[in-house]
Amino acid sequence: MSVRLLGPLTVIRDGATVQLPASRKLRALFAYLALAPHAVGRSRLCELLWDVPNDPRGELRWCLSKLRGVLDEPDRHRIETPGDMIALDLKGVSVDAVDIASAAAGGIETLDLQRLQALSGLFVGDFLDGLEIDRSPHFNSWLIAQRRRFSSWHAAILEHLVSKLPADADEMSAHLERWVELAPFDGRAHVALLAGLARRGQIAACEEHLASAAQLFASEDLDFGPVREAWRTIRSERTAATLRARLALVPAAPQASIVLPDSGVAASCKASLAIMPFVEEAAVGDPRGGPRGGLADGLTHDIITRLAKLRDFFVIARGSVFALAEKNIAPEDAGRRLNVDYVATGTVRSQAGPVVVSVELVEVRTARIVWAETFERRPDDIFAVLDDIGNSIVSSISAEIEMVERNRAMLKAPNSLNAWEAYHRGLWHMYRFTRTENEQARHFFDMALRLDPTFARAYAGLSFTHWQNAFQRWGDRDRESALAFEAAGQSLLVDDHNPAAHWAMGRALWLRGEQDGSLLELERAVDLSPNFALGHYALSFVHSQSGDPNAAIGSSDHSRHLSPFDPLLFGMLGARAMAHVRLGQFDEAAEWALKAAARPNAHAIILAIAAHCLALAGRIDEARNFSAALRKTLPNYCADDFIGTFRFEPDAEAMFRLGAKRIGLG
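The opening position of the sequence shown corresponds to residue -5 in this note's numbering, with each subsequent residue numbered one higher.
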């Protein structure tokens, strides 16, 4: 059996089309359940499809009974009703929309030509073509969103398909024209079509398309300059190729597939992001959305501002995204119009119950959902709740984009990297916390700076590698401390408002024994960007040794709240453990140290913290296990090494030496 959701809803069994009941709501119910990843509650389905009739559950039961007649087989019941939930068992059933969604989730860019062609062939019409339902606003809203999503996936599939097809393939023209139709404001689609037409010698058609597209872009106040410039390049290259062909009396080499222009415009090629205005949902039963200027708009503005302060990537200004939203431009379409790499959108529900914020981050070129989350909080203080949710959204978006960019950079040949990619390749190595990987990270940060000497975060990364060399004793401490300080200074010279620059300087000053200056720089980092988790962690690190231990605990907790899956999570936990030691809370110190040591990338110094904290808590056997593991890597490690690594107050030093003596490290 197979099910087609693209085009009119169709069920095929044994090669024959199954006659479906005429009820539009029954068909809508079937489609909704077919796409649902989990069982759906009856109340949700009644709300979705019925406009509060006398007996919505009765109508639902009638629809389910009719669906059983269509779907059930003699030896298999396809409709499952556990408790008050409903689900479809579609194992062994081919569902076109599910196949496409699964491919998109795995990454359209990873698919080969044959798979892309097969997926492209599934798009025979709009999602659930013709199935709008009167007086079912919730379903129609879902339907519009699904059509938008499948249209974006179709465009992404076509983009990657035309890049892999031979340029002279018969179907190339149709795919290019369809891509432009689906994404009329995507400059890359127009450039690819122009290149395809020019390759076939259809210059007049190119000029006609160029004029038409220019008018289209002008009608929406969009910049057509990059497309026009790309056309000049295509035309000049074609002229040169024609001349070479006339001079050469040898057969031409096989033509390559369409090469799409790089969306980057500079050596650094920072990732770009648009935060589309969040939508304020009305209370259940009221299909109307909230007015402009409500909580959703405020949250959107706050997220845009906080992300811009991080200075991690280009963030489209509030005016541009709100202008597109006023024109009812879908987020995925807006992302293509703005030529950004990522677009985020969400909803806010704040009436009649808890505050619920749902957010989604999409990679524009592949239409892949990079991250999605729903936050639910009690509305005790609505503004404090939104502030907390905003913190989580900002930190998650930043972390998810960084992870995608790191992984993408690792897949590219080193000599093909631009500055942005080299920087993220450096981060990938840096977070491994070994001497060899640290040297690799330094190499890629150096590469990034050769390509873009104004890249403040690359200087901060370079400073981090020298800091690690000094802290871990992988190099001469004085020399590496000086290099860490020098790189941090360069980062500040390039961008004094970048929180990472002040973070790097704060850490470098700590290495030099300048605690007061270190704390000032780290406070400046978090003042510039309150969402900069590493800044809060560094404050915890310094305070845990010779500052305020209670402040260290607070900063550690805040850094973990902002970035709960941070690559430096072991350090955040370890700093809290040392703060508890200074407060005489040895049992708490041991527990936090164990959490730090359990992190997969925890290095030798974290093991040393665990050994000392466990010893002070009287857990001698566990402490000796950690000291034995530590000495496998560092055979002569002793208390002097541990104390020399940090900058403890005298009372803290005395306590750690006591712990070391208990387990033979003294």
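Derived by calculation from the structure, the hints in this document are not laboratory data. Check each hint, because a few of them may be wrong.
Computed spacing ranges between beta-carbons, pair by pair [stated by the list, open to error]:
(1) 196 x 142: 52 to 58 Å
(2) 425 x 52: 42 to 48 Å
(3) 425 x 101: 18 to 24 Å
(4) 226 x 13: 31 to 37 Å
(5) 216 x 69: 53 to 59 Å
All C-beta atoms in this analysis are idealised placements derived from N, C-alpha and C, irrespective of residue type, glycine included.
**Request:** Go through the numbered hints given earlier and state which of them the structure violates, listing their numbers in rising order.
**Result:** 1, 2 and 4
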